[in-house]
Amino acid sequence: MNDKINKIDKIDKIDTAGLKKQVEDVRASFRSSLSSVQNTDGLQELRVKIIGKKGVLTSLLKSLGALPASERPLAGEMLNKLRDEMEEELGNKKAALVDAEIRAAEETDRVDVTMPSRARAGGAFHPVAQTMHEIVAIMQGLGYSVALGPEKEEEHYNFDCLNIPSWHPARDMQDTFYFSDGTLLRTHTSPVQIRSMLKYGAPLRVVCPGKVYRRDNDTTHSPMFNQLEGLLLEQDVSFSVLKGSLRELMNGFFGRELKSRFRASYFPFTEPSMELDIECVECGGKNPNCRICKGTGWLEVCGMGMVHPFVVRAGGVDPDKYNGFAFGMGLDRMAMLKYGISDLRYLFNGNVSYFLSGRNA
Amino acid sequence: MIISWHLLKNFIKLDVTPEEAAERLSLSGAEVEYISRPEAKIKGVTVARVDSLKKHHAKEHLLVAELNTCKGEVVCVTAAKNLKPGDMVFYGAPGSTLADGKELSARSFDGVESAGMMLSAAEMGLPDVDIVEGILTLPKDALVGSDATTLYGFGDTLLDVSITPNRGDLLSVLGMARELHGLFPDSELLPMPWEAETTEETIEQPIEFGSISPLRNGARPRLAAEWPIEFGSISLPDPGCINYNLGLATDVTIAPSPVDVRVALSHLGMRPISNIVDATNYVMLTLGQPLHAFDLNTLPAPEVTVRAAFDGEKILTLDGKERVLTPADMLITSGGVGIGLAGVMGGSQTGIADDTKIVLLEGANFSARRVGHTSRRLGLTSEASFRYARGVDPTLAETGVDYALYLMRVWSGAKVGYRKKSAVNAAPEPKPVSLTKKKLDTILLWSDMDESAKILEGFGLKRVSQSVSQDGPVMSFTPPTWRPDITIEEDLIEEIGRFRGYNDAPDILPGVLPRRADIGAETVLAGALRGVAIARGYVEAITYSFLPERFTDALHLPHDDIRANPLTLANPISQDWMAMRTTLIPGLLAGLKESLSSGWREPVRIFEVGRIFLRDPHAKNGHREEDAMAGLVFGGIDPRTPWKETRDDFLSVKGDVEAFLASRGQAADFVSGTQPFGHTGQTADIVVSFGEEKKKLGFLARLSPAIEREMDFTEPVYVFEIFLAPLETPKKPVYSPASQFPAAFRDISMLAPLSRTNDEVIADIRAAVNKSSGAKSLLESVRLFDVYSGKGIPEGLRSLAFAVTYRAKEKTLQDEDVDGIHNAARDTLTQKGYSMR
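Protein chains in written order, with my numbering: chain A, 1 to 361; chain B, 1001 to 1837.
Just so you know, these hints were derived from the structure itself, not from any lab.
Beta carbons: idealized from backbone N, C-alpha and C, even for Gly.
Any given hint could turn out to be false.
[As the list claims (entries may be wrong)] Just the calculated beta-carbon pair ranges, DEER-fashion:
no.: 1; chain 1: A; residue 1: R118; chain 2: B; residue 2: D1518; range: 35 to 43 Å
no.: 2; chain 1: A; residue 1: I292; chain 2: B; residue 2: E1103; range: 30 to 38 Å
no.: 3; chain 1: A; residue 1: Q235; chain 2: B; residue 2: V1016; range: 40 to 48 Å
Full structure from sequences and hints, please.
Shown next as structure tokens:
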């Protein structure tokens, strides 16, 4: 390149015709040099050679003075045009070179995008805690506040206020953990309903999530499990409002319209009492060998009823003025149904592998 | 509770299938768990008569029988020893199937072709029905050729029904028949024996009955009036005994019950024993009235008293266990000696034996409450106590005794029955209950009073009055004696509701309350923290609230640590689930163990938000429950990674704790501290300021290497735990715009003693800068950006480099504003002993 540039030497003879020739020579040799420039450094070198202080074009411009005044404008125009041309071509070339160099640098910085990420792997929720928060959010939308209470509870709130005196066979349904001082681990979250009534009175709309304990341990019973109960206490409450609340809860939680049926049942603290079955979330009642619904097509998910006047009174509320309903469900069961967990034992052993196994499923 | 469809048909005329009945029962409160037909697989088995029995010509232990069957004479080889010519048996021809589905075929025994076989009860699916080892023999009047599955209750359909505790009346065939009659108004209840005319003549000759069911005949046993023995009185000083009846049967011969009774008992889950005992059980299962049979000769005295037990009084019950009683228990005594625990179990000395000659039969009614109490207190549930605790119709006791005496006689157990001796305490009379149209309409959104009355009458209630009050129409109903559970208006509404079903009621959403729903600070906080934790790579855990009592040892907790003295359960399931947790850490450690033993080799990060239980002498009941959050981080069984800097350590976990606190608008000081289970050099107290008050919220620690070793953890384990209550109210952030005046930046690099903490060095820098800049401090922040110790740094020292930011509130700082202050601060630090670099 340098050779070509160097051929454009000082101008010996100044006349218009000679200048024209010189301009052609400069242009030709510039283009030739430019085409062989490989990088921005080379480009800068060329630029200096042409339009630098001692550049060829600069020399030509300086020599204009030697021309007769009448020829100068034409000669000047010729040279300026040449300069503009070369400037533009230099600029274009520079842009192209810069672009190529950036791209080359990016190529060097190439990352193997399949490498493992350097951040920590994400965590995972516990299905039961997730279920609790989901249901609380649904019920909040229906106006239910959250009420919490102690897990170590007094017999009075856990049984007596709920119409389950000590001799009552209903206590057989709930084998209880006791402490030596006669207190117990609550067998349901119902005592929170009593405490809520005593604290807030009526009208009242609460859900009470929490851990509960029963002295049972087999493949389908854990001595500790999680419940969520609801209580609505207002004036002239119909069973239909309970039905509506539970429809929203179930459809909201499972994310679709589910068939449901209500069966009459018995709980000491409600009268009348019912249980809710929803259609099997696994087979929809279509699989006679379904391991979830055992082929019945129905899943028992929730006990409920109109709050017994005895209980309303125990909560310090006048049952002649207010009535309402209560319902209760196992959060563990709800979580197992929604997330397809088949074995209760996985829920409380803190095994990360089990919960992370569901992370990317 | 198992219901026999076969027995049910003695009580009710009902034109539905067992499946239809089950569906209706399930939806109306008596859930049918399953329907079974234990002999469904039996096919082609018929009655045959043994015409002759000969020894097998070659095999000494075999007999060759000639049978008269519906298909003529056949030859059958048997090893059974109990047969004699003339016996009626069940015969399975080749091609027929047994209860277990096995198909029979012809088989040759050393040249004698046996065409199928004669069957034992076991082969018919009911081993308990066999009296002796061998072939089941049938009554003489059995008709040759009859299909076995139509005889004696074989081929029955059984409904396993879950009976709720309020419906003691459903624990019998009779009760179930009444319930079905209420549910199926087109059905017809068949007459009960006690509804028939009674006579009180001495039995002169046995009354012939073709079956064990006298009910359709409407007959009632006629009993001898005067007892042939001296017998004193029945005294009931304890009002918990509502009534007490004694029947007497003499000339007793203990023998097996008839085959149909044995089949019925087997189907219902009771083992047939003898004609006497079976009669009491049969009456209990059919009528719901528990009975108890005493051997009269074993009674200490000819009198019976039902009284409260003395405190500490003992009785040896039938199951061979000694029971220590309290005055809340009722004892049946004779001559002052306990012979039975009322309503629960008889005494071991006075029961029926093989040589019993005179039976004294007790039919009584005891208070549900008292029996329930005793049964629960002793953890002793019997068929009797289960029924009494759920309420037995007090009018049944007499009937039950009569019926059992009758059965004993029919089953050749006793020749003569005698009229009862009875004593009665005041029995509670069912009180009328009102039903208002208004309440009915409120709850069910349906209010047809006439239809309601029909439904209630179907269930045995009697309409006693009808009027109109200010609330509209009112009707009054008296519940039958077997429905003590009906006492308030809601109970009537439930009967109507469950009859009609709840599925057609409309769905209505609750209206708007005059206040918003409040999720509550605890739940909001738990939700916020779990969000941060899961995002930072933690897995959420829920672990048991109870721990092995020795968890305190595992954590090296000293006795005076509040966590070393947990509340303990009085009746734990096992020693492993005994102590209420005082910290969440053991649960997480167990979770780590569980994860590793399941083969997990990667890092483990788990957290839990939950309650802990701490003793507190100032709190109610001597303890308090605290919400806490704990986390655990373990590098993994195989901690290798291409990114060394991502391996967790104390400071990375510190970052997590800071993030939890930051999500509540809080920042913490981490102050070097100690934990009994903490690494000496890697344990910090987490201290948070709430206004003027500094609270120790919890700790962050690496487990002490000793515990890591004891628990076989091959990599460091980091744990933290914080109390949540102080974080329930989030601190609001205070916002300010960026300063319009640029800051000036200077670095300070120095050697500091290793014993000086970062926080302390920064405090020194701040003090030095503030000292040289005076009251209007220009110091904005001091940030560590490099730390180095090792080669080139004297031992005991480390090199620290800090970026110091200066900024003025009202102007752009010039070099000369900062240089003087900065250099003066460096001099101050040098004087303090730091060596500046």
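- Does the Cβ pair I292(A), E1103(B) satisfy 30 to 38 Å? holds (35 Å)
- Task: Given the hint of 35 to 43 Å, check if R118(A) and D1518(B) actually sit that far apart at their C-beta atoms.
- Result: This hint holds: roughly 42 Å between Cβ atoms.
- Message: Taking 40 to 48 Å as the stated bounds, is the beta-carbon spacing between Q235(A) and V1016(B) within them?
- Response: Check passed, 41 Å falls within 40 to 48 Å.
Of the numbered hints stated above, none is contradicted by the structure.
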